[in-house]
Every structure is written in C-alpha cells, then in structure tokens.
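Going down the list, the protein sequences come from chains R and Z.
Per my numbering, the first sequence starts with residue 1, numbered consecutively.
Per my numbering, the second sequence starts with residue 1, numbered consecutively.
Hints were generated in silico from the structure; no laboratory data involved.
Glycine included, C-beta positions come from ideal geometry on N, C-alpha and C.
Take these hints with a grain of salt, some might be off.
What the hints assert, rightly or not - Short, incomplete list of chain R residues facing chain Z, as computed with Cβ under 8 Å:
1) F89
2) I124
3) S169
4) A171
5) T227
6) G320
7) G327
8) K337
9) S339
10) G343
11) W352
12) A354
13) D356
14) I396
Stated by the list, open to error - Calculated Cβ distances over 12 Å to all of chain R for the following chain Z residues:
15) E99
16) T134
17) Q175
18) G277
19) Q383
Unchecked claim - Computed spacing ranges between beta-carbons, pair by pair:
20) A364(Z) - G110(R): 32 to 40 Å
21) S397(Z) - K337(R): 30 to 38 Å
22) D356(R) - D334(Z): 53 to 61 Å
23) A361(R) - A92(Z): 22 to 30 Å
24) N344(Z) - D209(R): 21 to 29 Å
25) S71(Z) - S381(R): 47 to 55 Å
26) A67(Z) - D209(R): 52 to 60 Å
27) S216(Z) - E131(R): 53 to 61 Å
28) G70(R) - D334(Z): 22 to 30 Å
29) D360(Z) - A18(R): 24 to 32 Å
30) S216(Z) - D72(R): 57 to 65 Å
31) A361(Z) - D210(R): 51 to 59 Å
32) P5(R) - E359(Z): 43 to 51 Å
33) S397(Z) - T251(R): 16 to 24 Å
2 protein chains.
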Amino acid sequence: MEISPLAPAQFPDLPQIAGATFAAAAAGIKYKGRDDVMLAVLAPGTAIAGVFTRSATRSAPVLDCQAKLGSDPSGRAAFLVNSGNSNAFTGARGTGSVEAVTASVAEVAGVPPQRVFTASTGVIGEPLPHEKITAKIAELHANQSVDGMQAAAKAIMTTDTFAKGAERSVAINGQEVKIAGIAKGSGMIAPDMATMLVYIFTDALIAQDDLQALVSRLNEKTFNCITVDSDTSTSDSLLMAATGASGIDVTGVPAFEAALGDLMRDLAHQVVRDGEGATKFVTVSVQGAQDDQDAHRVALSIANSPLVKTAIAGEDANWGRVVMAVGKSGAVADRDKLSIRFGNITVAENGWRAPDYSEDAASAYMKNQELEIGVDLGLGSGQSTVWTCDLTHGYISINADYRS
Amino acid sequence: MEISPLAPAQFPDLPQIAGATFAAAAAGIKYKGRDDVMLAVLAPGTAIAGVFTRSATRSAPVLDCQAKLGSDPSGRAAFLVNSGNSNAFTGARGTGSVEAVTASVAEVAGVPPQRVFTASTGVIGEPLPHEKITAKIAELHANQSVDGMQAAAKAIMTTDTFAKGAERSVAINGQEVKIAGIAKGSGMIAPDMATMLVYIFTDALIAQDDLQALVSRLNEKTFNCITVDSDTSTSDSLLMAATGASGIDVTGVPAFEAALGDLMRDLAHQVVRDGEGATKFVTVSVQGAQDDQDAHRVALSIANSPLVKTAIAGEDANWGRVVMAVGKSGAVADRDKLSIRFGNITVAENGWRAPDYSEDAASAYMKNQELEIGVDLGLGSGQSTVWTCDLTHGYISINADYRS
Numbered sequence: 001m002e003i004s005p006l007a008p009a010q011f012p013d014l015p016q017i018a019g020a021t022f023a024a025a026a027a028g029i030k031y032k033g034r035d036d037v038m039l040a041v042l043a044p045g046t047a048i049a050g051v052f053t054r055s056a057t058r059s060a061p062v063l064d065c066q067a068k069l070g071s072d073p074s075g076r077a078a079f080l081v082n083s084g085n086s087n088a089f090t091g092a093r094g095t096g097s098v099e100a101v102t103a104s105v106a107e108v109a110g111v112p113p114q115r116v117f118t119a120s121t122g123v124i125g126e127p128l129p130h131e132k133i134t135a136k137i138a139e140l141h142a143n144q145s146v147d148g149m150q151a152a153a154k155a156i157m158t159t160d161t162f163a164k165g166a167e168r169s170v171a172i173n174g175q176e177v178k179i180a181g182i183a184k185g186s187g188m189i190a191p192d193m194a195t196m197l198v199y200i201f202t203d204a205l206i207a208q209d210d211l212q213a214l215v216s217r218l219n220e221k222t223f224n225c226i227t228v229d230s231d232t233s234t235s236d237s238l239l240m241a242a243t244g245a246s247g248i249d250v251t252g253v254p255a256f257e258a259a260l261g262d263l264m265r266d267l268a269h270q271v272v273r274d275g276e277g278a279t280k281f282v283t284v285s286v287q288g289a290q291d292d293q294d295a296h297r298v299a300l301s302i303a304n305s306p307l308v309k310t311a312i313a314g315e316d317a318n319w320g321r322v323v324m325a326v327g328k329s330g331a332v333a334d335r336d337k338l339s340i341r342f343g344n345i346t347v348a349e350n351g352w353r354a355p356d357y358s359e360d361a362a363s364a365y366m367k368n369q370e371l372e373i374g375v376d377l378g379l380g381s382g383q384s385t386v387w388t389c390d391l392t393h394g395y396i397s398i399n400a401d402y403r404s
Numbered sequence: 001m002e003i004s005p006l007a008p009a010q011f012p013d014l015p016q017i018a019g020a021t022f023a024a025a026a027a028g029i030k031y032k033g034r035d036d037v038m039l040a041v042l043a044p045g046t047a048i049a050g051v052f053t054r055s056a057t058r059s060a061p062v063l064d065c066q067a068k069l070g071s072d073p074s075g076r077a078a079f080l081v082n083s084g085n086s087n088a089f090t091g092a093r094g095t096g097s098v099e100a101v102t103a104s105v106a107e108v109a110g111v112p113p114q115r116v117f118t119a120s121t122g123v124i125g126e127p128l129p130h131e132k133i134t135a136k137i138a139e140l141h142a143n144q145s146v147d148g149m150q151a152a153a154k155a156i157m158t159t160d161t162f163a164k165g166a167e168r169s170v171a172i173n174g175q176e177v178k179i180a181g182i183a184k185g186s187g188m189i190a191p192d193m194a195t196m197l198v199y200i201f202t203d204a205l206i207a208q209d210d211l212q213a214l215v216s217r218l219n220e221k222t223f224n225c226i227t228v229d230s231d232t233s234t235s236d237s238l239l240m241a242a243t244g245a246s247g248i249d250v251t252g253v254p255a256f257e258a259a260l261g262d263l264m265r266d267l268a269h270q271v272v273r274d275g276e277g278a279t280k281f282v283t284v285s286v287q288g289a290q291d292d293q294d295a296h297r298v299a300l301s302i303a304n305s306p307l308v309k310t311a312i313a314g315e316d317a318n319w320g321r322v323v324m325a326v327g328k329s330g331a332v333a334d335r336d337k338l339s340i341r342f343g344n345i346t347v348a349e350n351g352w353r354a355p356d357y358s359e360d361a362a363s364a365y366m367k368n369q370e371l372e373i374g375v376d377l378g379l380g381s382g383q384s385t386v387w388t389c390d391l392t393h394g395y396i397s398i399n400a401d402y403r404s
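Throw the hints in and build the complete structure from the sequences for me.
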C-alpha cells in the first residue's frame, strides 16, 4: 500500500526512556515476514494510566486493561500488544486468551499479573491463536532494549501506511524530563475496522492517580477530537507509563502537561494523516457556541458529514454543506448570527453569503493539502477543535473492494 | 444520469383526488428544457398537515410553512414548489422571496396568503430568482388539471433519477377513499445537499388537528426511519392535504391509518432507492432493546456506519462491523446476549460467531439486491426498523467529482 500523502517526512528520533525497555517479534498471527507482537517492560514503581473505547462491544483485552487500571504500582509492569487479530467478540474464549498471554508474560518477565496490560488489533470474531504469542514471550524478553520503541511501533501496525511516533522533552528546574509515544490507527484490513492503539512513556515521576487524571483530561482534547469516519473501534486503547527514573516530580507542573498534551495531539494528528484514503488534513474550529459541549457537537457534525468530506475531496468550496452540518448537529444555532470561514476567507455571515465572497479565492484555497474550516456561532464562549480528513474513492476502495 | 438500479419498474397510475388540481411549468430557475415549478390548488375546507426538518439552519420556506400550519382551513389552499434553488441561508432576502411568491399565488388563485405553502429545493445560499416563478403563476393557474400529479412529481426533481409516486385506496363502509402522494429526494446536484419533499393528497374527510396528529405519528415510523448518508437537509418538508370531497370521515379509522402509513413507507423507500450511488436496498431491523429509542439508536448507528455501508457495497458479510456499530451506538447492549443475522442466516450469537456459521452462505446472501440486517439485543422489547442503501464509488463521484 502506498504511504499516505499526508505522512510526516520521517519517523522521529525517539529518546530512551529510563526504566522502559522494548522488544518486537514475528509470531505469524496473520501477517507474514514482519513483526506482529511488541513487549514493553516497565521498571518497578512505574505509574500506569489509560483510556479506552467506550464501545458496548469492546474487546476482551480492553475489558481486562480497564479492570487492572489503578493496581498496585510497586512491582514491574508490562504492555504486550499483537496485530492481526483483535480478540474482539470472541466470547469466553477471548478472556481465556488474555489470561494465557498475561500468565506467560508474568512468569517470563517477572511481572505481577495485575500489571500485565495486553491489547490486540485486527480481525474481529476470530479466535486469537494465543499459543503463537506465548511461544514468543521468552524471545521478546531476551531481546528487550532501551532502543526498541520504533520496532514496537512497526509491530503494532495493521494496514497503517506509516509507523507513528512522537517525542517531547521538558526542562523542569534545569533538569530534563523525556516523553515518547507510539500509535497505530486508521489503516484498515478487511474485515476489520479502524482501531487505534497508543503507548506513551516518560521518565517523569508522578503518582498513578495523578497521571490517570492528567491523561484523561488531555485525551478529551486530543484523541477524542479526531475522527476519520465516525466509526468507533471495539479496541481503542491508550496506555501511559511514567517510570519515575528521572526522579523529577512533574505533579501539577504546567510545562509537563503542555508537553504531554502537545505529544498526544501530534500522535492524534498522525492517525488522521493516515486516515483511509485521506488526501486532505482538515482542522474544524468552532467558537461562539453556547457552551463547549455544543461547540464539540457542531465540530463533529461537520467533521463526520459525508457531504462536507466529499466536497473537500473534490476541492469544492461548498460552504452550504457546512451550513447544513451546523443545522443538523442538535446544537443551539441562530442562522443570522452564524459565520463561516475557509482559512482566512469569510464565506458566510449574517445569515447569507459574505458580501465580498469570491468563489475563485475560496476555490483556490481548497486546493491546499491542509485546510481549516472555521465556524463562529455568535452566541457564547463555547469552543472546540476537531481534526479529520476527506472522504475519497480511496476510502471506498479500501473498505468495499477489499474482501470477497 | 442513469436511472437507479433500485428504481420501481414504472411510475404508478395515480388516481384523481377530488378537490385537488395540479399544474407544472418551466420557469427556468436553473434547469433548462424541463418543468421546475409545480402548483397544487386545494378546495375550500381542505385540512393541511405537515412535518419539516428540525435543522437549526432550515430554509425560509420551511420556516414560513411551519408558521402557517394550523391556519383556518375554510378557504382554498395551495402548494407551490420549485426545484433548482433551495432559498436556504439567504437571509432576509429569502423571506422576501417567500412573501412575493405567496402574494402572487394568493392573488391569482384566490387563496388566503396564510394557506399558501411554498417549498424550494436546490442550491443553498444563492438568491431565489422569484420573479421567474411569479411570472409563471397565471400560466400554472390556467393549466390546473385533476390529472396533473405526475407532471408535478417530475417538476420537483433535482438530480433524482426517477419520479416518485404512490397511491392507496381504502374501503370504508362500502365507500372508497383515495390517497395519492409524490416525493423527491436523495438525488444530488452540487453544491446542494440531498433534500426531501413529499406531498400527499386524499379526498377523505378529517379535521386539520387530527390529520396533523396522524401525519406526525406515521412520519416517525416512515420518513424518519430512512437514511442515505446521515446528512439532514435544510429543506425537508412533507405536506398532506385532505380535501374532504369524498364526504367520508376517516377520523380514527384504523384502515385509513394503515393505508396512509403504507403509502408513506412506499414513498420513503423510493427515496432510499434513489440514494446517491445506491446499488443495494437495506432493511435494518433491531429488536430486544431496552426500549424503542435504544433500538432506533442501534438501527441508525448501523445504517449510517460508513464501514457497514461499504462492506455491503462490497458484498462482504462483514458482521464484525455490525458488532462495532452496535457498540458505538450509545444504547445499552450486552455482548453476550447480542445476536446478528443477515437475512435468515444467524451470523453471531452468545458473544461470538454462530457455531454453524458458513462464510459461503453469508457471502452468497450478500449478493442480493435487497438485504436485511437483523439485530436482537436480547434485553427487552424495544424495536425499530430503518431503511438505507450502500455507500459506493457512485456516492463519491456524485458528491466529490461534480463541481470545480
């Protein structure tokens, strides 16, 4: 598959995170000739936080991870992730697979079972051949390396067209804290759905409860603000590990929160940039709503509208479809107070086309690869920003022409 | 444009409705060489009921119609509809256009202004050249005919690929009541959005309030249960006129309600059958939900999911995507109580693939032009049925490749 035209120029140079080691292996679950399992082992005392899909049909590994959040951080911890099979909608057998993999990691790597967090991404409803994974745990354990994070990022790809990574560092009282993360998402493999997995590591020191609160809060403004096609996975998982190895306490430090939020936004954008068939990266900014919730509703309504997304694919400055999406969102809106801009070009205001609107200028703007749709509802101070991509023939080809 | 493969074999033979006359004319608003305005004139005493889009950015004609519902039915009434321009998001000028058209119809046809209901469908945000319409009112008035309903159905098409009509008759105490209706919808013309217009006529006798209650109730189970692409128009309008000319009182008569509901479902299905790019007609039936509202939420989540719709286009028995859509719907669901069938083939139950599931049988079923996806949540007695079509390259071509 060709690399997305929206891909970053290169994978970033990820730093080592003291207290975290990584390994990848080829278990042959579905893909041939590539790694499909990653292991991350975290030093004793590492704080773990996570956020997961809210799907009512979420996968066995997701349910298991949710139950383990908040467990005693005094021992080691581990993340074990496979691609090629999501272990979702696999009944009691799915739970058994999670237990088998967990037991194997716990024994080989000396990790309490309550601190083994697993994830699976790939086909739904097929039994996970977990024996292929447990057969590789010893190899993974032996191959752990502080430099293995990029290999891990590659091992969790399904039909992503590029591996996703990001890093930030923060100076706190003259000392440096490092944050690095990897993600997969928005590639497809029939008969699967887009699934997103995110793993973030830092050597910062922070209590588990504080880390969880921080990650949950930042998640609302980053991963929960992206959409490719409005379809929510059964497997979406984000886990963050703070090893504390730097000895630098970041509790309540704004610079750390800013850096972590920035890194999460970076990874979230990379997922959108690998959206199925995407040719445009679109920022939808809504302000002037009655409250933030209404603003988010409007932003998602625009970002998920097939008519808006196909217009963007066609480089058509079709602001009437934005009006439609605002109208259907369910948010409080007043036609005559609404204004809409494409980039810096005001296209509509006061309930009608802007007086100096130029179709030529708007059409020229739509040819950009990165676009912004701005909406001001003119009612209050609620605001929201959502990121999405366009809807193209590529999306149909990937999802309709694949199997059978 | 080619006629949809899902189109009915022919336009039905619509009956005359005593008390209702119809005319169509070519005003040249946007289309050349075809009619683009229709007029229906209803005899004094006709009861009028209507339902409209709930969009916060609904068009000037919709707002005007909503204000006129319930007005005194003692005089004549009229419906005046144009295609080619939706008069939506046209500010104060849009209201002026509605007033100009209304005044012209009122004067020429002898109808109280409060009983002139207009509608417009087509491009958004362009001023409606209402002079072109008012110039045709005298011609429309002169050409009224009891046989003009099919011509009216053609005049309101935008890029619909076929004209939509339906008729039913009901025997009540040995006397016959007739119902006939026309609709347009789901064709597209860039830069427009799909808009739906529906007009239904009967010679039955029923008070306006009772008719409104009946239409509103039936609408919930018919037009509000179809979706092509989840995008709600700024112009959707349904108007029904009961002339009373038969003298047969249908108030509270179950047979009339059944016939009207059946006709509305027929027209709603025809709109789906003309969905942009549609190659499959899909019934989504949900039962066993906690309540009807939850069932509807699940049905719409499935029917609007781009991943489900592309799988159907690809004739892929991808039930994992149905699991996903149930999970994301927000409805109460229990993975282990959920069962899913394609037609009569149970594909998943008890939290996993059905034990006797056959991929070959399911794949063969998906080749049908008419499909049913059945979901039983196994929790309660809530149920809902929604009708939709697949998502194909045709949809992208119509909406992305059109303009610019």
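inquiry  = For the hint 53 to 61 Å, verify it against the beta carbon of S216(Z) and that of E131(R).
reply    = With Cβ atoms ~59 Å apart, the hint holds.
key: Range agreement (Cβ of A18(R) with Cβ of D360(Z), hint 24 to 32 Å)   = violated, 54 Å
query = Given K337(R) was flagged as interface, is its beta-carbon under 8 Å from a beta-carbon of chain Z?
reply = Result: violated, 11 Å to nearest chain Z Cβ.
request  = Please verify that hint: G320(R), Cβ, nearest Cβ of chain Z, below 8 Å or not.
outcome  = holds, 3 Å
request  = Hint says 52 to 60 Å; check whether the CB-CB distance for A67(Z) and D209(R) agrees.
outcome  = holds, 56 Å
query = Beyond 12 Å from chain R, beta-carbon-wise, is Q175(Z)?
reply = holds, 43 Å
query = Taking the CB of N344(Z) and the CB of D209(R), does the distance hold inside 21 to 29 Å?
reply = This hint is violated: roughly 52 Å between Cβ atoms.
request  = Using Cβ atoms only, decide whether G343(R) comes closer than 8 Å to chain Z, and label the hint accordingly.
outcome  = violated, 16 Å
key: Status of the given 22 to 30 Å range, CB of A92(Z) versus CB of A361(R)   = At roughly 25 Å between Cβ atoms, A92(Z) and A361(R) fall inside 22 to 30 Å, so the hint holds.
ask   = In this structure, is the beta-carbon distance linking S397(Z) and T251(R) contained in 16 to 24 Å?
value = Hint violated: Cβ distance 55 Å, outside 16 to 24 Å.
request  = Identify whether the interface hint at A354(R) stands, where standing means a beta carbon of chain Z within less than 8 Å of its own.
outcome  = It is violated, given that the least Cβ distance between A354(R) and chain Z is near 10 Å, above 8 Å.
Closest C-beta approach of D356(R) to chain Z relative to 8 Å, hint status = Violated, because the Cβ-Cβ distance from D356(R) to chain Z comes to roughly 15 Å (cut-off 8 Å).
The structure shown violates the earlier hints numbered 3, 4, 5, 8, 9, 10, 12, 13, 18, 20, 24, 25, 29, 32, 33.
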